[in-house]
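**Student:** Sequence:
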Amino acid sequence: MTVEPLFNSGSISDLPDHLLAYQYQVGGHGTLAKSVDYKMLRHPQEPIVYKRLPPDERGILEANFYFKVFGENASPEIAKLRPIVPSFHGLYRDSNAVLYIGLEDVLSGLSNPSVCDLKMGRVACPPDASEAKIKAENAKYPHRDTVGFLFTGMKVYDQNSNCYLTVPRHYGRSLDFEAVYVNALLPFLQGDPQLARAFLSHVEGVVSIFTDEPQLPMGFYRSSLLLAYDQYRSDVVVRLVDFAHWRPTFKASDPSGIIHGLNTLIGFLSRLDLSPGPSYSAPFTVV
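Our numbering numbers the first residue of the sequence shown as 1 and each following residue consecutively.
Calculated from the structure, these hints are not laboratory results.
A virtual CB, placed ideally from N, CA and C, is assigned to each residue, including glycine.
One or more of the hints may lead you astray.
[As the list claims (entries may be wrong)] No farther apart than 20 Å at their CA atoms in a straight line, the calculated lysine to any residue pairs in the SDA-like style are these:
hint, residue 1, residue 2
1, K68, Y141
2, K80, P214
3, K68, E4
4, K68, G267
5, K39, D14
[Unchecked claim] Okay, the calculated beta carbon distance ranges per label pair:
hint, residue 1, residue 2, range
6, G71, T211, 19 to 27 Å
7, G191, F7, 41 to 49 Å
8, K135, F177, 32 to 40 Å
Given only the sequences and the hints, what does the whole structure look like? Please build it.
**Tutor:** Shown next, in the form of structure tokens:
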């Protein structure tokens, strides 16, 4: 597909010097040794992270998304996304002409945050992908249609050891509907009903953005819901991230199934809120 950029070279700044590695990245590019170039960077003094953009239509789509949502002339149905996505801090270019997008570090106010990433939607690809691509991606997680998201990763801070725990990269692909709750969400929340209650109101707010009028003129494919809480379990963060595969849509529908996934998550959180969860486990290793 051909994507026209909503920006020009005059809107691109030089990438700041002395940036640091961002230590809380889970899921997606940058978490594998072969994609080390896509590791996110952070500003040493300001709550800004810098995400490298792919040098193709995916990078243009992600940049366009933020220009549309945070532009001065953003329509009401698009501007209503602002509370649930990271704030936009512009486009940047490094010394090799590689493009980065500057975004709010949504975890900057949390102490030793625990973080998980849910790749949202009942389908793995936008509808204009090739039939072979759609078939191959959907086959990677057969339960996606039922669950409505793929649990792609987590980092959990363990106060007893003062260490971070994580799970294997493709762990989420092995989980059916019930296992997502028992062997992913419960370990992430450490079985805490109060955390579930805190997340519940935030996720319900995200659902309202998608279901309330005016209708969103966008379909979100392969976007993630980021969940995080601090070591004292007093603050939680819920943000929608990753917009390299969004598509315009003019139907009052949910083409990617993201609402189904959000409702699944609400069901899981409500279940823990109402009663103590069952015994849970996950194959954690120290980061």
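**Student:** Output the indices of the hints that this structure fails to meet, ascending.
**Tutor:** 1, 4, 8
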